[in-house]
Structures are given as structure tokens and as C-alpha cells.
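A.B. asks: Chain by chain, the residues:
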Amino acid sequence: MTTALPAEPSISAPTDQPLLDVDGLVVHYHVRGAGRIVRSHETVHAVDNVSFTIGRNETLGLVGESGCGKSTTGRAVLMLDRPSDGRVRFEGRDLVGLPANELTALRRSMQMVFQDPIGSLNPRHTVGQLVAEPLLVHKLVPRGQRRQRAQELLELVGLPPDAVGRFPHEFSGGQCQRIGIARALAVEPAFLVLDEPVSALDVSIQAQVLQLLTELQDHLGLSYLFIAHDLAVVGEMSDRVAVMYLGKIVELAERDLLYAKPHHPYTQALFSAVPAPDPKEARERSRFVQGEVPSSLAPPPGCRFHTRCPLARDQCRTEEPRLEPVSEGHQVACHFAEEAVERNIFGTPVAADA
Amino acid sequence: MTSDTASDLLKIHDLHVSFPLERSTVYAVQGLDITLKAGERLGVVGESGSGKSITAQSVLRMVPEPGKITSGQIVYDGTDLLAQPESRMRRIRGGQIGLIPQNPLTSLNPVITIESHFVEVLTLHLAMTKREAVVRTVELLRSVGIPDPATRMKEYPHRLSGGQRQRVMIALSLACEPRVLIADEPTTALDVTIQAQILELFDDLVVRNNIGAFLITHNLGIVAGHCDRVVVMYAGRIMESATVDELFELPAHPYTLGLLRCVPRLHATRTRSFHAIPGLPPRVTQLTAGCPFAPRCDRVTEQCHNETPPLVDVGGGHTAACWHPVTLTAKEVVA
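Which chain is which? The protein sequence lines are L and H, in order. Last residue of the first sequence: 354 in my numbering, with the numbers rising by one and none dropped. Last residue of the second sequence: 335 in my numbering, with the numbers rising by one and none dropped.
Keep in mind the hints are simulated off the structure, nothing from the lab. C-beta: ideal position from N, C-alpha, C; glycine also. Any given hint might turn out to be false.
Claimed, not checked - To list a few chain H residues with every Cβ distance to chain L over 10 Å, as calculated:
id, residue
1, H16
2, S48
3, P64
4, P85
5, Q102
6, K130
7, R152
8, S161
9, Q164
10, L199
11, G258
12, A268
13, L287
14, P310
15, H324
Said to hold, decoys possible - Facing chain L, from chain H, some residues (calculated, C-beta under 7 Å):
id, residue
16, G78
17, H275
18, I277
19, L280
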């Protein structure tokens, strides 16, 4: 990948081992069911057997609709939600089953930026306190120097140093998201989970924050797990992209391969549903995926997309497709991926370059 | 404004809305003129704080406290809605002017069934008997694509998915066969595949019933595919107004151009470039002369800071409020 700013020396020589290695991740929640007299127990299959890796200085985009498990995956990777099964290796160490104190120490290297920029900041703390709090938790910077460090961090994310004495409500949504990013960067992590970091922001502000995230990545050699529902935004941020549906990754590919030729019918459906900011192109779109996402309490057997897939046949209803390579750097979980590409059932437009 | 008044369905004239707060007053809408024609889908686009939702709420006289409509006219069917007594407004709201709200869950009453929502509206506005109302409810729900409507209408709102709730809200807003429909960010709470379904339904119903519809949105992609004409709002004013094709082909206002460039697009290869508009949208607490977009504009001159640009015709009914309008072709717009 190309970098506009010189990367730090430690990053320019990546090791073979990925920074993050997620293998067979499962997150199930147990909930009480809707039984009238005797309450039954049901299981939410939030994330089911998900595997991926993220290299140093790499961004993996995770895209899908609400309830597909993308946020749960992000949280489980940081052990904010405990996985029911599977392994999450960070710098070679398995985080699952790690004692709390060791996990806390490791969290210095892994941070999160949340979707709601204002709601994720304590309104009674000054911006300086908010940004310096991780330093306090990890006992990193002596008390006397914390204010100065907070100012440096705010400058790094493009906020004026005098912001330290002010409160979150004095800032706009975009500025609050910058504060959230400064807070995540305070402990100098190597890896950030970005959970829908711009979806609450106005379109004219989104680009400012995305630009900042890109520059920080180049400058600090960060790795990102970028979670979002907007394919266009994910496409500009990611080196590779994973598409999730009902707790499973249905397609995982190098960014350009996926956007040039999506193979899975669900990925094609997602692309065709993105509103085209061009009246002529928009008028030509006519075929959309029908139906809704089934409940994750009882995911359909076989391929989970078969209830909405126009190509579905008996094999899809009984036999679960595995994520298999269709070409170098492109994996798809569909029994009829080649046919899906050929028939292009949703009239997915070939992404055009400006 | 065009002179073809025969098909003019609703006319907003010189609307001013302000919010007196403790220490200051926010001037949310400042002198707005919009004409809606029958069978027209009019997009009202803007970022948060642009006054687009307040405009929609003004039409129904539902501006939230402490907001006040300070002056202007909203002429519907020959009468000024702002001069009507509340009792008549109650008949118009949900009767001749329907609303599709942003969040269907909070707009449906959680403790009554879907059926009860419809029966209430139909008996109140159309003086139907309960039996007639139930029959009509089934028809309405079927028309918006709810499967097995006779069973589903016995359910409470929480039992329905987000997409189905929005379908129910659309059916409810159409129950009294309104002539004007206000869709206030109708798909913001929905996923893209469901959004596509709901917008398809919206197009279908508006065209089939010859309704004039406001589609309030921040998403230019939605405007491109589902509107006939567009009004771009910024800081409570209209910056530009044109047909959809004109606006996307030849945007005249630098703000419109900026918005078009900001829209994330699907590129075949990753570009890693992001277009932003520098600065922040203003919160208008002082009425001053000058263009509200001037502090963020790259074409700004002294004149922009001192004189408010009027909304003038730049060709064939396409209007823009700018001293230095853009002249670009479509290719240059996106580049």
C-alpha cells in the first residue's frame, strides 16, 4: 500500500505474522424467549464462525446491515463481549481466556472509536480530562505532564489546544468524534476498531474525519478494523473488505476485486441498493433484493441468504456453503458464485471511475 | 416562482421560523419560498440545522416548542394554513396533508394494535364505521406490501420489523387519501436494502395517487433517484432550486457543488481521496447581511460578506442565491 507520509521504521518491515488473527469466532447471547407461561430459552446467533486476519498498517472493512454481527465482531475482538468460541490472537497472543489484568495491559495496544460521538463522551468531564483518562488508567504520563500530552493529542486530531479546558457540549459532532479519536490514540495503540465512526455525521463533515483517520494511519502505522454499513465509505478506507450477513462472512476480498466484481448474491444486492448520486444512473436501477433479514434467533439452515436469494435451490437450503477462494485474494461463501457473477441478478452496476 | 398556478398544490411564501432560547434566538428558517405541484416529488436537501425539517413541520404547524412561525404564508387549497384555527388544522393534519416520520417506532403507539391506529384515523377523518374502517385497513396494508394483512394488523408495533413499521406508517399517512405528503427522512433509520424497497413504494404511491410530496433528506443519492425537483437549504435559506437533472448536471451554487463532491461514491478502484467542505454549518443567532455560506466558500469575495445574495433565475426556472455562481459541466462536478 502507498503511504503519503513516511511510516515509522518498525512498520516498514512487517513480520509474516498478522497483527490480529481471528479464527472461528462465535458470539452467542442467551435470551429469554417469548413463552407465555413457561419462559423458554433462546440463543441469538450474533456471530457464527467468523475468521479473518489484519496485517500491520492494514485496514479491513467490515460491512453489512444492522443485526449482521459486525459491531459484535468488533467488540468481541477487543474482548468487550466475550466470545462463546474461537480464538482471537493479537501479536501472537490468544486473548480469549487471558486474565483480566493481562488483558487490561494489552488494551493499551487496542482501542475503539464509537459510533455516537457525543454520547460516548462523559458530559461532565473536560476534554482534557477525557483525553488524559486513558493515560491515567495505564499510568503512562506523570500527572504534571498530562495536560501537555492532552494538548498534543488534540493538535494531532486537528483541534485547538485550548479545547482541553472546555466541555464536550461546546463541540459539534465532527469535533466530538475527533476528541473520541484523540482519546483512543492517547495510549499509542497499534490497532483501532472503528465502529461506524462517521455514520452520525453530516456528509460535509464525514470526509474531514475520514481524511484524518487516513492521515493518522499513514503517520502512525495503525491497523484498523473499519465497521460501517456504507459501501462507498468502506471502499475508500479499506485494503480488504469482509461482507457479513446474519453472523457470517459471506465474501472477503481485496478491496478492488470486490468492488469490480462482487460474487455473492448478497454483496451484489448491497451494491445495487446504494442510492446512486446521479439521476440517470438512478433511473436505470430497478431490481432490488426483496424480503427482510430473518431473525438471528433462528437463522435459516444451509446458506443463510437463501430465503432472499433468487438463485437459491435445494442445495442452498440444506448445505451451508464454506468461504472458499475464487481467485487470489477473493473468498466467497456461495454454492453458485460463478453463476451469480454471470447472471448479475440485481443488475449491480459496475462501479465507475470518475 | 413559476406562473403556472393551476397545478400549484401548496405554496410556502416568505416563511420565517425562530426559536427564542434563554440567551439567544436561533433563526431556523428565514424567508422561504417553495411551491409544490400535484404529482411532484420535491426533494428538500440540507445538513443538520439547515431548517429542512422545520420547514416540513411548519406546513403541519407542528414546530416543536419553543419554535414560533413568526411570519409568512402557507397557502393550501386557497387558504392560508397559518391563519386557520387549530380545530381546522386538526382536520387537515393527517387528512389532506399526510406525514411519514423519520422514526416509525416512536411514531406508532406501542400499547395499541396496528389496526387501532387505522380505525382511529379513518373514523375520525372520514367518518367511517368501525367495520368499514377494518375493511379499508386490510386494503391499505396490502397496498404497501404487508403480507397477510388481516392477521398482521392485530399485532402491536414492536412485533414488526423496522421496514414493516415504515410500511405501516406509509399506509397510515395515505389512509385519508391526502393530496400532500411530507416524508421527513423516511429511510434514515433503515438499512440500504430496505431503504430501496421503501423508496420504490414511495415513488409508486405518489405517482399512482397524483400526490404532491416533500421528500426531506440529507442524502443526495436519494434525491437523484426519487425526486423531480430539488431545493437545497443551508442555514434556513434556499441556496439553489432546480429540476433533479439540472441540479446534478449544472449545479450553480458552490454549496451544492460541495455537497455533490462530498457524497461518497462507489469507485472501481480505491481513490483514498475525500472531499470535505471546510468548517462547520452555522447556527444562525444573528440576522446579518451576507451569504451564510461565505465563511466556508472557496469563491468568496468582499461582496459575499456584506450583501445577501437574492435567489435569482440562472436559466429556465433554475434558481440560485449566489453572487458568483459556478459554471461547470457534469464531468467537472464529480472530478
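A.B. asks: Taking the hints in turn, state whether each one holds.
C.D. replies: The hints, checked one at a time:
| no. | hint | verdict |
| --- | --- | --- |
| 1 | H16 | holds, 24 Å |
| 2 | S48 | violated, 6 Å |
| 3 | P64 | holds, 20 Å |
| 4 | P85 | holds, 38 Å |
| 5 | Q102 | holds, 14 Å |
| 6 | K130 | holds, 28 Å |
| 7 | R152 | holds, 13 Å |
| 8 | S161 | violated, 5 Å |
| 9 | Q164 | violated, 8 Å |
| 10 | L199 | violated, 8 Å |
| 11 | G258 | violated, 7 Å |
| 12 | A268 | violated, 4 Å |
| 13 | L287 | holds, 22 Å |
| 14 | P310 | holds, 24 Å |
| 15 | H324 | holds, 19 Å |
| 16 | G78 | violated, 33 Å |
| 17 | H275 | holds, 5 Å |
| 18 | I277 | holds, 4 Å |
| 19 | L280 | holds, 5 Å |
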